[in-house]
Amino acid sequence: MQLKNRRGHKRAIIAIARMLLTAIYHILKNKVPYNPDLYKKSDVRPANREITVEQAILLAQAQGYRIMAATT
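Residues in the sequence shown are numbered consecutively from 13, following the numbering used here.
Rather than coming from a laboratory, the hints here were simulated on the basis of the structure. Hints are not guaranteed to be accurate.
DEER-style ranges, computed between Cβ atoms [as the list claims (entries may be wrong)]: (1) Lys22 to Ala59: 32 to 40 Å; (2) His21 to Asn47: 43 to 51 Å; (3) Ile79 to Thr34: 55 to 63 Å; (4) Ile79 to Asp49: 23 to 31 Å; (5) Leu32 to Thr83: 25 to 33 Å; (6) Pro45 to Tyr77: 20 to 28 Å; (7) Tyr37 to Arg61: 19 to 27 Å; (8) Gly20 to Ala74: 35 to 43 Å; (9) Arg18 to Ile39: 38 to 46 Å; (10) Ala24 to Val44: 38 to 46 Å; (11) Ile26 to Gln75: 26 to 34 Å.
Here are the simulated SDA-like cross-link-like pairs (lysine to any residue), alpha carbons at most 25 Å apart as the crow flies [as the list claims (entries may be wrong)]: (12) Lys41 to Ile26; (13) Lys22 to Lys52; (14) Lys52 to Tyr37; (15) Lys43 to Ala27; (16) Lys52 to Ala74; (17) Lys52 to Gln67; (18) Lys52 to Arg30; (19) Lys52 to Glu66; (20) Lys41 to Ile28; (21) Lys43 to Met31.
Note that the Cβ used here is the ideal one computed from N, Cα and C, for glycine as well.
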C-alpha cells in the first residue's frame with residue numbers, strides 16, 4: 013500500500029511484479045528454497061543516525077540553503 017501511495021497504482025503493480033519475477037528467477041536459477049528475508053527492503057531509517065559537519069552542510073545546501081563561513 014505504501015508503494016501505491018508513493019508511485020501510483022500502475023507503477024506499484026509493475027514494481028511488485030518485477031520483485032516477484034526477480035525472486036522467482038533467482039530461486040529457479042540457483043535451485044534454492046524460497047527465503048522471503050532475502051527480498052525484504054527496510055523502509056525504517058536508523059534511529060541514531062549521526063552525520064559529520066560537512067555532510068550537514070551538503071544536506072542543507074541540497075535543500076536550497078546558502079551556507080557561509082562564520083567570520084570572527
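How the hints compare with the structure:
1. Taking the beta carbon of each, Lys22 and Ala59 are about 34 Å apart, inside 32 to 40 Å as hinted.
2. Separation of His21 from Asn47 is about 29 Å and departs from the stated range, judged on CB atoms against 43 to 51 Å.
3. Distance hint for Ile79 and Thr34: a CB-CB separation of about 41 Å, inconsistent with the stated range 55 to 63 Å.
4. A C-beta distance of roughly 42 Å is found between Ile79 and Asp49, which places it outside the suggested range of 23 to 31 Å.
5. Checked against the hint of 25 to 33 Å, the C-beta distance between Leu32 and Thr83 comes to roughly 58 Å, which is inconsistent with it.
6. At about 50 Å, the beta-carbon gap between Pro45 and Tyr77 misses the expected band of 20 to 28 Å.
7. The hint said 19 to 27 Å for the Cβ distance between Tyr37 and Arg61, and at roughly 34 Å that hint is violated.
8. A C-beta distance of roughly 25 Å is found between Gly20 and Ala74, which places it outside the suggested range of 35 to 43 Å.
9. Restraint check, Arg18 to Ile39: a C-beta distance of roughly 27 Å breaks the suggested window 38 to 46 Å.
10. For the hinted restraint 38 to 46 Å between Ala24 and Val44, the CB-CB distance of approximately 28 Å leaves it violated.
11. A hinted range of 26 to 34 Å for the beta carbons of Ile26 and Gln75 is consistent with their spacing of about 30 Å.
12. Restraint check for Lys41 and Ile26: the C-alpha separation of about 22 Å stays at or below 25 Å, so the hint holds.
13. With a C-alpha separation of about 21 Å, the suggested pairing of Lys22 with Lys52 holds against the 25 Å cut-off.
14. Taking the CA atoms of Lys52 and Tyr37, the gap is near 16 Å; set against the 25 Å cutoff, the hint holds.
15. A distance of roughly 24 Å separates the Cα atoms of Lys43 and Ala27; the hinted pair therefore holds under the 25 Å criterion.
16. Between the alpha carbons of Lys52 and Ala74 the distance comes to roughly 29 Å, so the proposed pair goes past 25 Å and is violated.
17. Using a Cα cut-off of 25 Å, the hinted pair Lys52 and Gln67 is violated, with the two alpha carbons roughly 28 Å apart.
18. Between Lys52 and Arg30 the alpha-carbon distance is near 14 Å, which keeps this suggested pair within the 25 Å criterion.
19. Under the criterion of a C-alpha separation no larger than 25 Å, the hint pairing Lys52 with Glu66 is inconsistent with the structure, at around 32 Å.
20. Only pairs whose Cα atoms come within 25 Å are accepted, and Lys41 paired with Ile28 is accepted, the gap being roughly 20 Å.
21. Taking the CA atoms of Lys43 and Met31, the gap is about 18 Å. The hint holds against a cut of 25 Å.
Violated hints, listed in ascending order, are 2, 3, 4, 5, 6, 7, 8, 9, 10, 16, 17 and 19; each of the other numbered hints is respected by the structure.
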